[in-house]
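Engineer: Same order as they appear, the protein sequences are chains A and B. For the first sequence, position 385 (counting from the first letter as 1) is numbered 385 according to the numbering used here, and the numbering increases by one without interruption. For the second sequence, position 126 (counting from the first letter as 1) is numbered 126 according to the numbering used here, and the numbering increases by one without interruption.
Note that these hints are calculated values from the structure, not bench results.
Example chain B residues on the side facing chain A (calculated, C-beta under 8 Å, incomplete):
1. Asp129
2. Thr148
3. Gly183
4. His214
5. Ala215
6. Met346
7. Pro355
Quick list of simulated restraints, FRET-style, between CB atoms:
8. B/Pro338 with A/Gln197: 22 to 30 Å
9. A/His371 with B/Thr8: 54 to 62 Å
10. A/Gly199 with B/Pro87: 30 to 38 Å
11. A/His424 with B/Glu91: 50 to 58 Å
Now the stretches of chain A that chain B is said to cover, found in silico as 3 or more residues with beta-carbon under 8 Å:
12. 120 to 128
13. 132 to 139
14. 147 to 153
15. 183 to 196
16. 205 to 217
17. 321 to 329
18. 344 to 350
Heads up, the beta-carbon is just placed ideally off N, CA and C, and yes, glycines get one too.
Protein chains: 2
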Amino acid sequence: MMPGARLTRYQQLAEDLADGIRAGALRPGERLPSVRQTCAQRGVSPSTVFQAYGQLELQGLVEARARSGFFVRATRRAPRAEPQVAPPRAEATPVAVSELVFELLGSTRDADVVPLGSAFPAAHLFPFDTLARSGARAMRRLPSSRITGALTAGDEGLRQALRRRYALHGVPLADDELIVTNGAMEALNLCLQAVTQPGDVVVVESPTFYAALHALERLHLQAVEVATDPRDGVDLDALAALLARQPVAACWFMPSFQNPLGALMPPERKQALVALLARHRVPLIEDDVYGELHAGARRPPPAKAFDREGGVLHCSSFSKCLAPGYRVGWAAAGRFAPAVERLKMMSSLATALPPQLAVADYLAQGGYDRHLRRLREALATQQQHALRLVERHFPGGTRVTRPLGGYFLWLELPPQVDALALHHRAMAESISTAPGVLFSADRRFTHHLRLNVGHPGDARFDGALRRLGELAHGA
Amino acid sequence: MMPGARLTRYQQLAEDLADGIRAGALRPGERLPSVRQTCAQRGVSPSTVFQAYGQLELQGLVEARARSGFFVRATRRAPRAEPQVAPPRAEATPVAVSELVFELLGSTRDADVVPLGSAFPAAHLFPFDTLARSGARAMRRLPSSRITGALTAGDEGLRQALRRRYALHGVPLADDELIVTNGAMEALNLCLQAVTQPGDVVVVESPTFYAALHALERLHLQAVEVATDPRDGVDLDALAALLARQPVAACWFMPSFQNPLGALMPPERKQALVALLARHRVPLIEDDVYGELHAGARRPPPAKAFDREGGVLHCSSFSKCLAPGYRVGWAAAGRFAPAVERLKMMSSLATALPPQLAVADYLAQGGYDRHLRRLREALATQQQHALRLVERHFPGGTRVTRPLGGYFLWLELPPQVDALALHHRAMAESISTAPGVLFSADRRFTHHLRLNVGHPGDARFDGALRRLGELAHGA
Chain A
1 MMPGARLTRY
11 QQLAEDLADG
21 IRAGALRPGE
31 RLPSVRQTCA
41 QRGVSPSTVF
51 QAYGQLELQG
61 LVEARARSGF
71 FVRATRRAPR
81 AEPQVAPPRA
91 EATPVAVSEL
101 VFELLGSTRD
111 ADVVPLGSAF
121 PAAHLFPFDT
131 LARSGARAMR
141 RLPSSRITGA
151 LTAGDEGLRQ
161 ALRRRYALHG
171 VPLADDELIV
181 TNGAMEALNL
191 CLQAVTQPGD
201 VVVVESPTFY
211 AALHALERLH
221 LQAVEVATDP
231 RDGVDLDALA
241 ALLARQPVAA
251 CWFMPSFQNP
261 LGALMPPERK
271 QALVALLARH
281 RVPLIEDDVY
291 GELHAGARRP
301 PPAKAFDREG
311 GVLHCSSFSK
321 CLAPGYRVGW
331 AAAGRFAPAV
341 ERLKMMSSLA
351 TALPPQLAVA
361 DYLAQGGYDR
371 HLRRLREALA
381 TQQQHALRLV
391 ERHFPGGTRV
401 TRPLGGYFLW
411 LELPPQVDAL
421 ALHHRAMAES
431 ISTAPGVLFS
441 ADRRFTHHLR
451 LNVGHPGDAR
461 FDGALRRLGE
471 LAHGA
Chain B
1 MMPGARLTRY
11 QQLAEDLADG
21 IRAGALRPGE
31 RLPSVRQTCA
41 QRGVSPSTVF
51 QAYGQLELQG
61 LVEARARSGF
71 FVRATRRAPR
81 AEPQVAPPRA
91 EATPVAVSEL
101 VFELLGSTRD
111 ADVVPLGSAF
121 PAAHLFPFDT
131 LARSGARAMR
141 RLPSSRITGA
151 LTAGDEGLRQ
161 ALRRRYALHG
171 VPLADDELIV
181 TNGAMEALNL
191 CLQAVTQPGD
201 VVVVESPTFY
211 AALHALERLH
221 LQAVEVATDP
231 RDGVDLDALA
241 ALLARQPVAA
251 CWFMPSFQNP
261 LGALMPPERK
271 QALVALLARH
281 RVPLIEDDVY
291 GELHAGARRP
301 PPAKAFDREG
311 GVLHCSSFSK
321 CLAPGYRVGW
331 AAAGRFAPAV
341 ERLKMMSSLA
351 TALPPQLAVA
361 DYLAQGGYDR
371 HLRRLREALA
381 TQQQHALRLV
391 ERHFPGGTRV
401 TRPLGGYFLW
411 LELPPQVDAL
421 ALHHRAMAES
431 ISTAPGVLFS
441 ADRRFTHHLR
451 LNVGHPGDAR
461 FDGALRRLGE
471 LAHGA
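For reference, chain A alone in the conformation it holds in the complex (with noise of 0.2 Å):
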């Protein structure tokens, strides 16, 4: 199984740090000690203290300069806060969020616009000449009876693949519950289709990502919000009163940075909810797509990992990691698989193979864990820079989180500023945002903004973000 609550060194060598500046024992502009000497006084490797330290950075405490060395950072005032959590209303909704996405998405899609309201990070940081050498080689090499014969569950040397780097992350799943799709987005509406009917009521997290509300939209479901931490993710008291007041078909929820929060939930609390809807035989749509651009060390374990009666619906995919455009997702449908299975081949029979291919290709390659590492690194980094960029510009009071991991900020501005006021004026100047009412199932988040730092090195974006924090000084 995956590790539990307990912290590893850099972890715990992190916190003792962030201890002392917060105590003051450590001072903004102070440097902090050199590896070294740090590696000689914990009795720690030079990676752990790395780890440390970048871990720090990450939090927005200390700041790496060129060939000096880590310092404590001089801010004249305190960093921004997180943005507070808002109790969502309890009663069900009806939901009509498309209109209003497909309106602000569609507006977005001009290459002139900067796209801070993106949901993807730039294209430079993906291997697509690799993909498309694997691609072909692949394609050439399979029988062709094998290709007239694609079966819905998806290639099989890709599910071994996936399989086993499951296993090696400590999430061993059965033999035949993981059924290739069409990006994770297919996943997430098979399975969500095979665990309720029209009308029925699903659970979902506020804010929420907007593809859950239109999944539920087009399904003719029900939406009940719950409360969603910035840090900690889904408020499980809240979720556990929720569940003993009326019939709940389904949550779907995004444990591991989620979308647009970026909250993780620590394993422990994963692990509760697992045994909260087990209790309640509740089965849990788990939307993991940003679960390998962790900026920690180690990957989080998905609430797949703590499922032990097949009620987890875990999806995830390539697009974010690796293959954009390539539409290669999963299920690991547990209990459900056979149910997902029988719906994908009803609604799209099977998915492409070539793609399959590629990226199991890709993998067997073995450079997808270098490529992460690279990846992981550059968004962690864009990240810190973004949010230098927000406390320098944006109006005082605003608040933004400080995700572990995936490449959103979600920015809660002064209460009187109208974010989608905002994103049109931003729209005038060619800035696209994603405001907060797309997050919703009853338009709340009015004023809130979701925005895709996942563009390092584009100078286009810092001017943009820059811009943006100016309008929202008048906004």
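Using the hints provided, position chain B relative to the given structure of chain A.
Structural biologist: Okay, now just chain B, sitting in the frame of chain A:
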């Protein structure tokens, strides 16, 4: 627009000769006049004569003998009659056939089984190597920003190529109505959902393709079946009566080479169908996946060719004619295109790019029509061969279709034969079939079979077809 009801020269010539054969003017074993003689007599070109003779061969009236010419077929008995039209029940039926279909299809996945029940032609008929090369070339050429920015409606280059091809066939499509999908299956499902609400009534053919029944079941819709003639397709009088009697949300038909019958609605009947539905404001979901697999000289016009009001949601794919396993399909969804695009975005976001680009590059290379000619010829030849085997080995009283395209035969066995039991007996000998009960919401067609004859030159298929006929004798 596409050619109307008037016979072309070769069709007229074929009709005249067929009349002569039926009237006894040309007798079994007799040689048809040579091509040169006929050219001189009728004042037509050699290619017209070849097409006419080919048509007669397809109808089972003559046979080609190597280096000797065409001969009227010497059958000891009259050729098999075609299956009868069976008027379906008029009431709407909630659909629940999927259990049976999954059980049957699941049992036919074994590579050791001869797949007479399969839905795909032989793998060796497709240019997989060329497609793989096309895919790699196209993916390497595409700027990576166009990969991460892949659109829900599909790659613009592929959409242009499709529009051009339709225009060449006399079917102008509107700029924005074309949406690329994960195979025709997804296109059909999205179109069906775009025009229905749970509980609605949808008209399907009788017999109908089981995937249509699946789609209805998945969307909680009700089916009303309308009789379909094995030659001419949907019974328009029955449909008109039905539309006058009850509210209908949509029709889902295959006007060209219907699965399982192979029926081809003549152009004037397609036109009448579109007009009838337009009067009732009922959308037509047109499944045209076999349209390119015509045995005659020209591609039959789809119903979409007669659509003036955007009421035809035309769906097709490359899965049966070029690239099985690539899952590149599309919908030309008329006035429902925006709704279909939104549903696509909500349920699977976008179609995988590598297969789209592979097909677009392949089309740009210019070999598609040559490939199609070879494929059609191989399928038509094999159909003749399979018809002879059916005639020779199946029980007296067996009726069989002689479709003008596609690669299915539909057999009506003597009424006492239980086709499902026959299927199970055949499966015990590693031969799959598609028994008739799969093709109806209320499990009619108990003594019918759909057989795949898309495996030219495969002795295993010939042997299996012969053996199936022997088993039918004892059933």
